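Peer 1: Sequence order for the protein chains is A and B.
Position 678 (the first sequence) corresponds to 712 in my numbering; numbering is contiguous.
Position 180 (the second sequence) corresponds to 240 in my numbering; numbering is contiguous.
Be aware that a few hints might be false.
Claimed, not checked - Incomplete in silico selection of chain B near chain A, CB under 8 Å:
1. His103
2. Asn104
3. Ala106
4. Arg134
5. Gly159
6. His162
7. Val182
8. Leu191
9. Asn194
10. Arg319
11. Glu321
Claimed, not checked - A few chain A residues that don't get close to chain B, going by computed Cβ distances all over 12 Å:
12. Asp116
13. Glu176
14. Ala185
15. Glu273
To be verified - Distance ranges between label pairs, derived from CB positions:
16. B:Pro120 x A:Ser100: 26 to 32 Å
17. B:Glu321 x A:Val293: 57 to 63 Å
18. A:Ser100 x B:Glu321: 39 to 45 Å
19. B:Asp218 x A:Thr311: 34 to 40 Å
Honestly, the hints are just simulated from the structure, not real lab data.
If you're wondering where the values come from, they're calculated on a predicted model, not measured in any experiment.
Here a beta-carbon is modelled for each residue, glycine too, at the ideal position from N, C-alpha and C.
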Amino acid sequence: MTDRVDHRVRDDRSPLDPAVLAGAESFARSWATAVIGSSYVPMTRAEVAQHLQDLTEMLVEALYASPFRTAPGYEIGSRLVDAHFTGTDTLGRTVQLLGDDLLGELGAAGDERLQSRLAALQGALSAGYARALRERTLAEQEAIRAAVLDARDQAEAMLRASEARFRAMFTEAAIGIGIADIEGRILDVNQALQDMLGFSVEEMRQYNVRDLMHPEDAGSVWRLYDQLIAGECDHYRAEKRFHRADGEQVWTHLTLSLVRDDHGEPQYQVAMIEDVTDRHLLQNRLRYQALHDPLTGLPNRALFLERLGRVFSNRAKHARAGLCYLDLDGFKVINDSLGHDTGDQLLVEVGRRLDHSVSGEGKLVARMGGDEFVILVEGSSGEQDIVDVAERVLTELEAPIRIAGHELSVSASIGIVERQLSSTTSADLMRDADITLYWAKADGKARWALYDPERNAREVARFTLSATMPRALERGEFYVEYQPLVRLEDSTVTGVEALVRWQHPEFGRLAPDRFIELAEETGLIVPLGRWVLRKACEEARRWLVEFGDAAPFVSVNLAVRQSRDPELVRDVKRILDECALPPHHLQLELTESAIMGTADEPLEALRALCDMGVRIAIDDFGTGYSNLAYLKHLPVHELKIAGSFMEGLRAENEEDPVDSQIVATLVQLAHALSLGVTAEGVETPAQAARLLRLGCDTGQGWFFARPGPPENIDSLLRGDL
Amino acid sequence: MMGERADTNRGEQVERPQWAPGDIDLERPSVARVWDYLLGGAHNFAADRAVAEKTLEMMPEVRAGALQHRAFLRRAVRYLVGRGVRQFLDLGSGIPTVGNVHEIAQAVQPAAKVVYVDLDPVAVAHSRSLLDGNEQVNVLQADVRDPASVLASPEVNDLLDFDEPIAVLMIAVLHFVPDEEDPLGILAGYRDRLVPGSFLALSHAGFEADEETPEIRAARRVYERSVTRTTLRNSAEFTKLFEGFELVEPGVVRLPAWRPEGPDDEGIADRAFPGFAAVGRKA
């Protein structure tokens, strides 16, 4: 009560009274301690204390003011919030502290009037604080919401900007871009794609992606499309053709990509389409150039082989095909004599005629190079089909070709192969056609030849023989047999013919007719002949040593090529010398053609041999066309009448008068020229008797003895038989 | 701060391109707004407040902790202005509550320049509206973990002069950067652009080994589950972040103990405060 009186007494005393100020200062410190940490205020502790000191003084002034107003309390609450004393505990602690301590600190603890005023100020402070906090909170909420809106605006602006960028990219892209949903409905296409295909967006939107199918599309294009739509692949690239609105075609590189939604499910498909028509056409042109002969415009070897390969790659079970391999006859002569330009024009015309006569589905005419052409006929039904083609071509070529004032007649040789594809390969077909062309040439040109497997087998065998012959000679597979030459009047063996044989490891014993011709072709006849000559001379020398005067001479065959060998005379001389064989113990047999058809050199060789003392015989006399006048001057000692004339003398009871007369005439002719006569092919006693009667000197044949090893001759000479 | 980035599902590597706007989802708490709430602000939404309240329930001292980081910022900026620094790069600046860097700095040195950087688009938008017209302040929306793009931005380059010292501030930021994101590399990215005499001020949640109480661990789990992952570091690990800087007095200390302004400041600075602070100077 006293306190209350006290306060009442000091009713009009100034609030700036030092004691009051000190109390206020003390209260401000307690206040700072109570509220610091309840909120974040951007002030140092001292600054906080000063701030609260100011507020305390304001409060104290209000407490004592007259008239009493609560507005300062309201102001203080508001300023607390302004200083960011916004923590939830700040107000509670402040109000409590005011009630508990302020009047005590001011020394007016019991003053009821001040208590009442303080209560009013506490209320006003709370209201001011609440109002300010509410405003601050609302302001901050508004600010943060505005910030959210700003941020969203910003984000949307960026989104719009990025959409605009994408739209621009889509619109302006030089590459065609189209978007469709997963059902294939076209949603949007850019300008480039509209231009490329010639449809507007509206028109394109009428289409489904599947409507853009092109008959030439590779199967993979749509297989991959199905996989993409099913979500099994995310993109693929393909070459694809599109139909343009104007009916033209566009070649494109297509890249199709799948766009998935947030859950990974297929949502859209995006096509990027690049027009490569120009490139494609260029490639086509380059490809055409690479696959065609620039001169004739016909497909070239490369295209032909490609087509042939394709024929073989997708063949049906019984499919057949045929080839005509064609080569102009004598083209080189035309080229060399009339010039390449004329030759080229000729080839152009031939190409045109071939193309003209062979046109049609499944047929291809190609120029293989030079004057070689080839015709491929797919799906033939038999050899006759191809023969028909070949004959048509030959007929077509018959008409003369006029070039630069020249009337040129050309002919061609054609090799034909036709067979079931499953039984052959493209390489075999080509090789056999080539071989057959060679046959057509060899058989006389201006004709076709049909592939003949047997003829081929023979040729292969011949080839095999000729290829193995050199080694056979080295390995000693050859040997020599001897057949006696018998004087008819007393059956004395005067000579023996050396006959070469080949003991072939694969084909067995081979007679000369199987390999001599080959040896002539390959030139091996020279070393082979030299070997036979030496072998025979060695035997002759042995007989000479063993049988003395009774020893026979050896008769050795000399092939045409050998007779023209410049080393012949030297070879013969050396062998005779090395064997120490007197030359008259050697007889060389040549065919009529070898002697007659020769120029001077071989003849000189024969003369040299003759002069040396070697006997010369004409083999198979009467089968060639001997120049009888010439015969007189030849260095020849003996005529051997061909065995074919002996047929008519064969039978025991009757003889063919013509053959008989021929043999008689030949004998007379020989004798007239002072030549000896040997009859070959004597097989019966009747023949021997007749020949003796006709005056023939010597006989050779099975009647006397078959060819055999030299020991057989030994026996004969010893008279064992 | 980096709440926005925490949304992205790293497992799927769904990195947005630079220009793509992030979505603004008010249902998802943001570090910046939770922080604002803890500091007594109202720049926040229900989701932010729910997380903050739940964290406070587990560990009431979190609020005081937030206040301490903010108070350290104030003391550090004042100290730096006192050392003559005129340029500040505030990385992970958050919602501009009261007592922002430019307010503190410009109160003493009106010429001070500040660039605020945050990834949170809302925090950035708010900062911009608040700072509109202040030509000595810029705001940049960027990921502070990408120094190259921050330093290359016009917001930074138009305002700051890299030939003069700059103070880089990362207040309560680096505990959101785990080791695998290479915090040292990030800091080096900034440091290498600074001239000698520049400063780095860091505050960081953490404590010495074995100091984590079950309550802190529980609170951290709440925070990590709903907002973003935190990496607490001890004083040794925190000290390593100052590679290339010389620590100024008093070195690495508990947050309240860094240059307290009065004996009372230190009252709260009991040795167990879960966070460290330090300022370093580039030699």
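Peer 1: Does each hint fit the structure? Answer for all of them.
Peer 2: Here is what the structure says about each hint:
no.	hint	in the structure
1	His103	holds, 4 Å
2	Asn104	holds, 7 Å
3	Ala106	violated, 11 Å
4	Arg134	holds, 6 Å
5	Gly159	holds, 3 Å
6	His162	violated, 12 Å
7	Val182	holds, 5 Å
8	Leu191	violated, 12 Å
9	Asn194	violated, 16 Å
10	Arg319	violated, 11 Å
11	Glu321	holds, 4 Å
12	Asp116	violated, 10 Å
13	Glu176	violated, 9 Å
14	Ala185	violated, 4 Å
15	Glu273	holds, 32 Å
16	B:Pro120 x A:Ser100: 26 to 32 Å	violated, 45 Å
17	B:Glu321 x A:Val293: 57 to 63 Å	holds, 60 Å
18	A:Ser100 x B:Glu321: 39 to 45 Å	holds, 40 Å
19	B:Asp218 x A:Thr311: 34 to 40 Å	violated, 51 Å
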